[in-house]
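Could you build all of it, start to finish, from the sequences and the hints given here?
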Amino acid sequence: GNSVTQMEGPVTLSEEAFLTINCTYTATGYPSLFWYVQYPGEGLQLLLKATKADDKGSNKGFEATYRKETTSFHLEKGSVQVSDSAVYFCALSGGSSNTGKLIFGQGTTLQVKP
Amino acid sequence: KAGVTQTPRYLIKTRGQQVTLSCSPISGHRSVSWYQQTPGQGLQFLFEYFSETQRNKGNFPGRFSGRQFSNSRSEMNVSTLELGDSALYLCASSLSGVNQETQYFGPGTRLLVL
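If you read the sequences in order, they're chains A and B. Read left to right, the first sequence gives residues 1 to 114 (our numbering). Read left to right, the second sequence gives residues 1 to 114 (our numbering).
Any given hint might turn out to be false.
Stated by the list, open to error - Examples of chain B residues toward chain A, derived with CB under 7 Å:
id	residue
1	G42
2	F45
3	G97
4	N99
5	E101
6	G106
Rather than coming from a laboratory, the hints here were simulated on the basis of the structure. The beta carbon of each residue, even a glycine, is placed where N, CA and C say it ideally should be.
This is the structure:
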C-alpha cells in the first residue's frame, strides 16, 4: 500500500541555517503530496502542497518539489527562524484512487536555537 | 471564514466508558475525516464521511464509529474505552474529500483514558 517515510528527528539548527527535511513516498498512480506543520498544542496546518510531478509548492519561505523519478518531496528553507520550531509532517493522498485520505510520515521535530 | 472546530478540547475518561467527540467543518465543506495521533503510531486515518455516508474507513476496531449530520457536522464515538485509546483526535474537512484537495484540520480533542 501507499506509505511515506521521513527523516528521523529531532533536527536542531541555529537561526538562519539552511533546512532540509527528507521525505520519500511509495504509491501507485499519481498521488498529491503535502507538508503539514504542527505547533505545540495545536492541530495541523497546511504548509504547502503539490499535485503533479515537477510541481513546486512554496509558502513562508519553505519549498518542496514533487519528484516522481525519485519519489521524493523534500522540504527546504533557506534561513530558519526560532518561530519555525515545530513538528513537520509529509503526507500523500490519492494515488490509484481518488480518495483524499491522507497517509502521513512519522513527523520530524525541528528545533531552532537563537 | 471560521475554521474547523472541535469540542471538547480535553477529556478524561476511565476504561470501559464511552466517549463522543464533535467536529464542525468549515462552512461549505461536505467531507469530514477523523485521524488519531499517538506518539507510538503517529497519525492514522480513522474514517471519512461525505453527505452523511461513511465513504472510507481505516484499520480500527468496531469500537470506533462515527456519523455525519445533514449540516456536515460530524461526531465520532469510541465505546468500551481502553488505555491505548488515549490520543489526540483530529478532525479535518475539505470541500468534497477527493485527491488534490487540501484538508483543513481542527485543533483536536485530547483524550486521556485512565
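Results of checking the hints against the structure:
1. Hint status for B/G42: holds, given a least beta-carbon distance of 5 Å to chain A, under 7 Å.
2. Hint status for B/F45 relative to chain A: holds, with the closest Cβ pair at about 5 Å, below 7 Å.
3. Annotation: B/G97 was flagged as interfacial toward chain A, and the flag holds, the nearest CB pair being 4 Å apart, inside 7 Å.
4. Restraint check, B/N99 versus chain A: the minimum CB separation of about 3 Å is within 7 Å; hint holds.
5. Checking B/E101 against chain A by beta carbon gives a least distance of about 5 Å; that is within 7 Å, so the hint holds.
6. Given hint, B/G106 at the interface with chain A, holds; its Cβ is 5 Å from that chain's nearest Cβ, closer than 7 Å.
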